[in-house]
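Participant: Here the protein sequences line up with chains B and U, keeping their order.
Take 487 as the starting number for the first sequence in our numbering and just add one per residue.
Take 2 as the starting number for the second sequence in our numbering and just add one per residue.
Hints are computed from structural coordinates only; laboratory data are not their basis.
Because the structure is a prediction, the values reported are computed rather than measured.
Heads up, the beta-carbon is just placed ideally off N, CA and C, and yes, glycines get one too.
Wrong hints could be hidden among the right ones.
[Stated by the list, open to error] Reference excerpt, derived from the structure (chain B facing chain U, CB under 7 Å, subset only): (1) Arg-529; (2) Leu-533; (3) Gln-537; (4) Tyr-540; (5) Met-575; (6) Lys-588; (7) Lys-593.
[What the hints assert, rightly or not] With a straight-line Cα cutoff of 25 Å, these simulated SDA-like cross-link-like pairs (lysine to any residue) come out: (8) B:Lys-556 x B:Leu-570; (9) B:Lys-559 x U:Gly-43; (10) U:Lys-58 x B:Phe-550; (11) B:Lys-541 x B:Glu-503; (12) B:Lys-593 x U:Arg-74; (13) B:Lys-593 x U:Phe-61; (14) U:Lys-14 x U:Glu-103.
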Amino acid sequence: AQTVTQSQPEMSVQEAETVTLSCTYDTSESDYYLFWYKQPPSRQMILVIRQEAYKQQNATENRFSVNFQKAAKSFSLKISDSQLGDAAMYFCAYRSANRDDKIIFGKGTRLHILP
Amino acid sequence: KAGVTQTPRYLIKTRGQQVTLSCSPISGHRSVSWYQQTPGQGLQFLFEYFSETQRNKGNFPGRFSGRQFSNSRSEMNVSTLELGDSALYLCASSLLGGQGTEAFFGQGTRLTVV
């Protein structure tokens, strides 16, 4: 069974600084997708960034980028120029590339932005 | 384009009662999944429906059930409520489901069982 592990329950970063959230996963599949979701106090899960396992190039979305290390089964999220609006719970997630629609989430990392 | 709509937003029920939660997916989306979120267990998959058929089910007791209608709207039912069922229930819709298609989440229904 696939698992997703986020080892940092909480993190803090100064506004405008850069922070990296860690995520490791375990799977025997070769084809899958990885995601980072953000859940602000409003509770709505918002997709931050997505990575296809078959792509070697790391995904980037504006201030958000990932470091995808397939062999190490590592998928970290880097947030550059942190803003107060980035404060939220961040979830790393895995989804198989087959018809199974289940998303497997990590326990989350609560990110605090210090003004 | 309207997002995923979940109703109600908040619900308080008594132990032993049953509850029905509703989820309206994004127009055109045929896959609807349900997740339970608790502080202790995190986000756990309940089930997924696609074209009115349950395609996948998580490890939850039979008290948890769901269905999907022809317009893709989905309902989730929990019977004989227990205190441990108190959680945020999230619904996610995607165009086809699977194969990494993006899942869009609703704001959830906060269920409190007293």
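Participant: Just to be careful, I want the Cα atoms of Lys-559 of chain B and Gly-43 of chain U compared with a cutoff of 25 Å; is the pair within it?
Facilitator: Cα-Cα ~21 Å, so holds.
Participant: Report holds or violated for the interface hint on Lys-588 of chain B, using the least CB-CB distance to chain U and a cut-off of 7 Å.
Facilitator: For Lys-588 of chain B, the interface hint holds, since the closest Cβ of chain U sits about 5 Å away, which is under 7 Å.
Participant: Is the hint on Gln-537 of chain B kept, meaning its closest Cβ partner in chain U is under 7 Å away?
Facilitator: violated, 9 Å
Participant: Given the hint that Lys-14 of chain U pairs with Glu-103 of chain U, does the C-alpha gap stay at or below 25 Å?
Facilitator: violated, 33 Å
Participant: With chain U as the partner, please determine if Arg-529 of chain B meets the hint condition of a C-beta pair closer than 7 Å.
Facilitator: Nearest chain U Cβ about 5 Å off; hint holds.
Participant: Lys-593 of chain B and Phe-61 of chain U were given as a pair; does the straight-line alpha-carbon distance stay at or below 25 Å?
Facilitator: Since the Cα atoms of Lys-593 of chain B and Phe-61 of chain U sit roughly 18 Å apart, the hinted pair holds (cutoff 25 Å).
Participant: Assess, step by step, whether the Cα of Lys-58 of chain U is no farther than 25 Å from the Cα of Phe-550 of chain B, and give holds or violated.
Facilitator: violated, 33 Å
Participant: Given a cut of 7 Å on the nearest C-beta pair, is the interface hint for Met-575 of chain B held or broken against chain U?
Facilitator: Since chain U brings no Cβ nearer than about 10 Å to Met-575 of chain B, farther than 7 Å, the hint is violated.
Participant: Taken at face value, is the distance from the CA of Arg-74 of chain U to the CA of Lys-593 of chain B at most 25 Å?
Facilitator: Answer violated: Lys-593 of chain B to Arg-74 of chain U is near 28 Å, above 25 Å.
Participant: Are Lys-541 of chain B and Glu-503 of chain B close enough, with their CA atoms no more than 25 Å apart?
Facilitator: violated, 28 Å
Participant: Quick one, is the Tyr-540 of chain B hint okay against chain U at 7 Å, beta carbons?
Facilitator: violated, 10 Å
Participant: Holds or violated: are the alpha carbons of Lys-556 of chain B and Leu-570 of chain B at most 25 Å from each other?
Facilitator: Violated - the C-alpha atoms of Leu-570 of chain B and Lys-556 of chain B are around 31 Å apart, more than 25 Å.
Comparing the model with each numbered hint stated earlier shows that hints 3, 4, 5, 8, 10, 11, 12, 14 do not hold.
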